[in-house]
Amino acid sequence: MFQDESSPLSSSSSPLQVFSMMSLSPNLGSPYPWLRELKSEERGLYLIHLLLTCANHVANGSLENANIALEQISQLASPDGDTMQRMAAYFTEALADRILKAWPGLHKALNSTRIALVSEEILVRKLFFEMFPFLKVAFVLTNQAVIEAMEGEKMVHIIDLNAAEPAQWVALIQALSARPEGQPHLRITGVHQRKEVLDQMAHRLTEEAEKLDLPFQFNPVVGKLENLDVEKLRVKTGEALAISSVLQLHSFLASDDEHHRKKSPLGSKNLNGVHLQRALQMNQSTLGELLEKDTVNGCSPSPDSASSSPLSSTGSVKIDGFLNALWGLSPKLMVVTEQDSNHNGSTLMERLLESLYSFAALFDCSESTAARTSLERFKVEKMLFGEEIKNIIACEGTERKERHEKLEKWIQRLNLAGFGNIPLSYYGMLHARRLLQGYNCDGYKMKEENGCVVICWQDRPLFSVSAWRCRK
Amino acid sequence: MSADAFSIGGSVHQEQNHANPNYKSVPVKKKRNLPGNPDPDAEVIALSPKTLMATNRFICEICNKGFQRDQNLQLHRRGHNLPWKLKQRNNKEAIRKKVYICPEKTCAHHDPSRALGDLTGIKKHFSRKHGEKKWKCEKCSKKYAVQSDWKAHSKTCGTREYKCDCGTLFSRKDSFITHRAFCDALAEESARFSSSVSATNLNFRNDIVNMSIGFAGRGAPDVAGIHQFGSDFTQDFNGMTTSGMPEMVQMASGNLFGSSSSIGNFGTNSNLLLLPLPQGLKEEGESKGKSTENFSSLYSDTQNKQQQAKSAATTTMSATALLQKAAQMGSTRSNLTSFFGVMSSFSSHSISQQECFMASSNNLMLQTGAVKQSEPSPSRLKMQLGSSSIDQSLTRDFLGMSNDQPACAVLPKELAKFASIGSTMGLSQFSSNH
Numbered sequence: 001m002f003q004d005e006s007s008p009l010s011s012s013s014s015p016l017q018v019f020s021m022m023s024l025s026p027n028l029g030s031p032y033p034w035l036r037e038l039k040s041e042e043r044g045l046y047l048i049h050l051l052l053t054c055a056n057h058v059a060n061g062s063l064e065n066a067n068i069a070l071e072q073i074s075q076l077a078s079p080d081g082d083t084m085q086r087m088a089a090y091f092t093e094a095l096a097d098r099i100l101k102a103w104p105g106l107h108k109a110l111n112s113t114r115i116a117l118v119s120e121e122i123l124v125r126k127l128f129f130e131m132f133p134f135l136k137v138a139f140v141l142t143n144q145a146v147i148e149a150m151e152g153e154k155m156v157h158i159i160d161l162n163a164a165e166p167a168q169w170v171a172l173i174q175a176l177s178a179r180p181e182g183q184p185h186l187r188i189t190g191v192h193q194r195k196e197v198l199d200q201m202a203h204r205l206t207e208e209a210e211k212l213d214l215p216f217q218f219n220p221v222v223g224k225l226e227n228l229d230v231e232k233l234r235v236k237t238g239e240a241l242a243i244s245s246v247l248q249l250h251s252f253l254a255s256d257d258e259h260h261r262k263k264s265p266l267g268s269k270n271l272n273g274v275h276l277q278r279a280l281q282m283n284q285s286t287l288g289e290l291l292e293k294d295t296v297n298g299c300s301p302s303p304d305s306a307s308s309s310p311l312s313s314t315g316s317v318k319i320d321g322f323l324n325a326l327w328g329l330s331p332k333l334m335v336v337t338e339q340d341s342n343h344n345g346s347t348l349m350e351r352l353l354e355s356l357y358s359f360a361a362l363f364d365c366s367e368s369t370a371a372r373t374s375l376e377r378f379k380v381e382k383m384l385f386g387e388e389i390k391n392i393i394a395c396e397g398t399e400r401k402e403r404h405e406k407l408e409k410w411i412q413r414l415n416l417a418g419f420g421n422i423p424l425s426y427y428g429m430l431h432a433r434r435l436l437q438g439y440n441c442d443g444y445k446m447k448e449e450n451g452c453v454v455i456c457w458q459d460r461p462l463f464s465v466s467a468w469r470c471r472k
Numbered sequence: 001m002s003a004d005a006f007s008i009g010g011s012v013h014q015e016q017n018h019a020n021p022n023y024k025s026v027p028v029k030k031k032r033n034l035p036g037n038p039d040p041d042a043e044v045i046a047l048s049p050k051t052l053m054a055t056n057r058f059i060c061e062i063c064n065k066g067f068q069r070d071q072n073l074q075l076h077r078r079g080h081n082l083p084w085k086l087k088q089r090n091n092k093e094a095i096r097k098k099v100y101i102c103p104e105k106t107c108a109h110h111d112p113s114r115a116l117g118d119l120t121g122i123k124k125h126f127s128r129k130h131g132e133k134k135w136k137c138e139k140c141s142k143k144y145a146v147q148s149d150w151k152a153h154s155k156t157c158g159t160r161e162y163k164c165d166c167g168t169l170f171s172r173k174d175s176f177i178t179h180r181a182f183c184d185a186l187a188e189e190s191a192r193f194s195s196s197v198s199a200t201n202l203n204f205r206n207d208i209v210n211m212s213i214g215f216a217g218r219g220a221p222d223v224a225g226i227h228q229f230g231s232d233f234t235q236d237f238n239g240m241t242t243s244g245m246p247e248m249v250q251m252a253s254g255n256l257f258g259s260s261s262s263i264g265n266f267g268t269n270s271n272l273l274l275l276p277l278p279q280g281l282k283e284e285g286e287s288k289g290k291s292t293e294n295f296s297s298l299y300s301d302t303q304n305k306q307q308q309a310k311s312a313a314t315t316t317m318s319a320t321a322l323l324q325k326a327a328q329m330g331s332t333r334s335n336l337t338s339f340f341g342v343m344s345s346f347s348s349h350s351i352s353q354q355e356c357f358m359a360s361s362n363n364l365m366l367q368t369g370a371v372k373q374s375e376p377s378p379s380r381l382k383m384q385l386g387s388s389s390i391d392q393s394l395t396r397d398f399l400g401m402s403n404d405q406p407a408c409a410v411l412p413k414e415l416a417k418f419a420s421i422g423s424t425m426g427l428s429q430f431s432s433n434h
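First to last, the protein sequences are chains X and B. FYI, our numbering numbers position 58 of the first sequence as 58, with every residue one higher than the one before it. FYI, our numbering numbers position 286 of the second sequence as 286, with every residue one higher than the one before it.
Treat the hints loosely; a few may be bogus.
Label pairs and their computed distance ranges (CB to CB) [as the list claims (entries may be wrong)]: (1) Arg172(B) - Ile122(X): 34 to 44 Å; (2) Lys39(X) - Asp174(B): 26 to 36 Å; (3) Trp103(X) - Lys173(B): 34 to 44 Å; (4) Ala181(B) - Asn440(X): 32 to 42 Å.
Derived SDA-like pairs (lysine to any residue); straight-line CA-CA distance at most 25 Å [said to hold, decoys possible]: (5) Lys445(X) - Cys157(B); (6) Lys325(B) - Ser368(X); (7) Lys136(X) - Glu41(X); (8) Lys39(X) - Ser171(B); (9) Lys136(X) - Ser112(X); (10) Lys325(B) - Lys211(X); (11) Lys39(X) - Lys105(B); (12) Lys447(X) - Cys107(B); (13) Lys325(B) - Glu121(X); (14) Lys332(X) - Met383(X); (15) Lys195(X) - Met383(X); (16) Lys232(X) - Lys211(X); (17) Lys325(B) - Lys401(X); (18) Lys325(B) - Phe385(X); (19) Lys445(X) - Lys325(B); (20) Lys401(X) - Lys154(X); (21) Lys382(X) - Gln328(B).
Source of the hints: derived by calculation from the structure; they are not laboratory data. Ideal Cβ placement from N, Cα and C applies to all residues, glycine included.
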């Protein structure tokens with residue numbers, strides 16, 4: 001049956017064609033006994049090879065071959081094995097999810113009884129906060145920037161775009177309370193989807209403020225960030241505003257007009273004009289790349305043209321709108337923490353390759369942090385990393401929220417939106433470095449780039465923190 | 001035939017086990033046995049040393065040939081045309097169990113309550129303990145009084161040996177293990193380590209290592225797992241390991257005795273292992289905080305000692321390193337064939353294709369690896385897919401020099417196929433080639 005797959009292109013044998021001609025005897029599906037004999041390193045390399053093979057098949061639509069590859073991977077991958085095994089487990093799950101989306105009915109049916117336990121979600125985020133220093137470093141840098149920006153201010157208003165972790169603001173309350181010029185009047189507005197989280201936060205923060213006798217007010221805003229109406233934030237005149245965005249902005253890059261593009265994948269050429277203009281404005285060296293990219297844009301099953309060009313502005317109106325809205329509030333300070341990886345490539349393979357490197361670093365980091373038997377580690381890996389991987393690999397269009405981009409792109413965007421960079425202070429970085437050292441693990445590295453801080457695992461940048469002011 | 005053996009007790013039985021008139025028997029009284037394991041109703045028989053040592057106690061009066069059993073003698077007598085009678089076992093009266101005591105007064109088995117229940121047994125006992133050792137092993141210098149002991153020994157002598165660090169040799173595994181647990185020489189060695197508690201922990205760690213190996217379910221057990229655990233325990237949240245552990249640990253305990261080398265250093269404390277393991281679990285939990293410093297030094301010690309053949313498997317490569325290696329391998333073709341040699345031998349057809357695909361994928365890796373910050377352009381990725389065309393040979397064009405159009409030409413076709421997928425028409429339709 002499979003031999004029919006061979007297309008009439010007989011003259012040249014592209015690998016795509018060759019793979020389609022692969023004779024799939026039933027034996028291939030059966031477990032290879034020798035697979036179990038592989039040593040850890042060989043197994044890891046073989047897993048990488050299989051993952052890429054599988055992804056290629058998925059990208060090309062050769063689902064039978066993808067299935068075989070998945071079968072083989074499942075012999076070797078395991079969520080409680082070594083780092084490569086764990087990674088492979090989550091990546092293959094994502095790939096399988098992606099394949100399954102070709103049958104929406106099937107996909108929906110399989111996911112219909114899934115319940116999202118709020119308590120587990122909250123727990124996992126707490127675990128991530130505790131186990132890894134990334135968020136802590138971000139909080140330390142944010143707080144320091146706030147303290148410095150709010151020097152001399154009597155009325156301070158902080159907007160937290162994802163108010164999940166009270167620890168950050170507890171530290172700020174303590175710091176502001178102890179500042180030499182006296183306590184300010186502090187107001188914190190927290191945005192979050194879950195009311196329970198905001199209630200908990202309110203409780204904790206008011207408790208802390210009362211202890212220190214700091215005039216304090218917490219305003220909860222329940223709802224999704226993408227639907228946020230800035231009016232609800234109730235910014236008043238006369239108060240100094242600081243905005244903290246921790247890992248929130250990238251979801252705005254999922255634009256809502258992409259599904260129109262799906263129907264005419266090669267029609268992305270129409271956008272070349274717009275892209276060209278932007279490209280000329282921004283970064284002329286990438287023009288060649290841009291052209292090349294668009295010609296093969298249609299390769300992925302559900303192509304989206306929010307490509308990895310310097311600025312895919314037409315494709316992502318949302319982020320611009322949001323940034324504009326924030327700019328409109330005239331914040332004195334905005335601190336942005338984002339993942340520093342390019343997981344927003346237009347093709348599956350691009351994203352897969354990049355995310356393999358990033359998550360390899362994260363999983364290695366996880367391996368050095370907790371035991372393989374640790375349930376907490378498993379939860380973080382499954383519910384946080386695994387879900388991110390699934391989103392990056394299996395989703396397209398508006399569904400794909402985890403559109404991480406590199407720091408330089410964010411700098412460009414924020415500049416365009418009217419913000420000017422404030423270099424993070426030496427003292428803040430010192431504090432952050434000390435915190436990293438406290439983790440007793442020399443994998444964590446911190447470097448400074450154009451006034452911004454990038455937190456790395458070994459050589460791989462993972463998160464970036466940058467501070468901005470409103471440029472009029 | 002004179003009845004000779006004297007039974008202890010009131011009645012005198014006709015015992016046929018001795019025909020020699022020179023035999024002297026010692027009359028003893030039958031005592032009531034002390035309560036305990038010995039059968040209180042058993043008949044205690046005391047035989048003289050000569051009786052016990054005598055081999056052929058039944059002698060033919062004609063030719064003086066000796067026999068061990070009366071029955072054999074009787075049959076022999078037939079040859080002399082002498083009257084013979086095979087004595088039948090008399091079951092009309094209740095058969096009383098007979099136990100035998102050792103005639104040697106200083107012997108523990110002289111006491112009727114510690115009598116041995118078997119005639120052969122008491123004979124052998126007497127020879128072994130109070131007799132002369134006439135049989136000597138050829139290989140080693142061991143001497144035996146009983147011939148069967150000697151025979152049994154010479155069969156296994158030198159075949160399999162366990163040697164303790166103190167120099168003692170054992171032929172039996174269990175005795176070797178037990179000895180090692182209490183050996184003084186080992187005690188000295190482990191006294192070098194600062195705290196005895198950490199030794200307990202280490203034993204426990206071995207459990208975990210074995211367990212995590214079982215957990216992973218595949219691959220060779222890496223000793224390196226230990227190393228990671230060493231660093232792990234410096235962090236707090238490892239204490240929150242799951243309740244599934246105790247069962248696992250007990251399962252893994254069997255493994256401990258399998259590899260003698262790995263626990264060689266922790267012999268003194270292995271007695272703790274023999275206790276129910278959850279206890280070890282608690283100890284570990286309590287002392288975890290204390291032992292962390294000792295721990296890392298201990299592990300470095302053990303790792304130094306256990307280099308050898310495990311060098312390849314000691315370090316589990318991080319995922320990052322693996323990816324880099326894969327990219328590297330993609331750039332040098334020679335490595336590829338040797339690495340996947342096992343694969344090509346298995347199933348040349350399909351695997352070789354995968355092998356070649358590895359080449360292309362490695363190129364993808366290479367591109368990404370080399371140009372980390374910028375995104376790899378999709379067109380170049382596709383080009384490389386096209387470039388590693390396989391045909392019949394396994395030549396791989398890694399650098400993508402053969403810029404072939406087919407890669408691009410194929411795409412619209414694939415795309416068209418894929419458009420039909422989008423309308424959920426099912427896989428079969430797809431594979432049957434529109």
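Verification of the hints:
no. : hint                              : verdict
1   : Arg172(B) - Ile122(X): 34 to 44 Å : violated, 59 Å
2   : Lys39(X) - Asp174(B): 26 to 36 Å  : holds, 33 Å
3   : Trp103(X) - Lys173(B): 34 to 44 Å : violated, 59 Å
4   : Ala181(B) - Asn440(X): 32 to 42 Å : holds, 36 Å
5   : Lys445(X) - Cys157(B)             : violated, 62 Å
6   : Lys325(B) - Ser368(X)             : holds, 20 Å
7   : Lys136(X) - Glu41(X)              : violated, 33 Å
8   : Lys39(X) - Ser171(B)              : violated, 34 Å
9   : Lys136(X) - Ser112(X)             : violated, 36 Å
10  : Lys325(B) - Lys211(X)             : violated, 55 Å
11  : Lys39(X) - Lys105(B)              : violated, 66 Å
12  : Lys447(X) - Cys107(B)             : violated, 83 Å
13  : Lys325(B) - Glu121(X)             : violated, 36 Å
14  : Lys332(X) - Met383(X)             : violated, 36 Å
15  : Lys195(X) - Met383(X)             : holds, 21 Å
16  : Lys232(X) - Lys211(X)             : violated, 29 Å
17  : Lys325(B) - Lys401(X)             : violated, 31 Å
18  : Lys325(B) - Phe385(X)             : holds, 23 Å
19  : Lys445(X) - Lys325(B)             : holds, 22 Å
20  : Lys401(X) - Lys154(X)             : violated, 38 Å
21  : Lys382(X) - Gln328(B)             : violated, 30 Å
Hint violations for this structure: numbers 1, 3, 5, 7, 8, 9, 10, 11, 12, 13, 14, 16, 17, 20, 21, all remaining hints satisfied.
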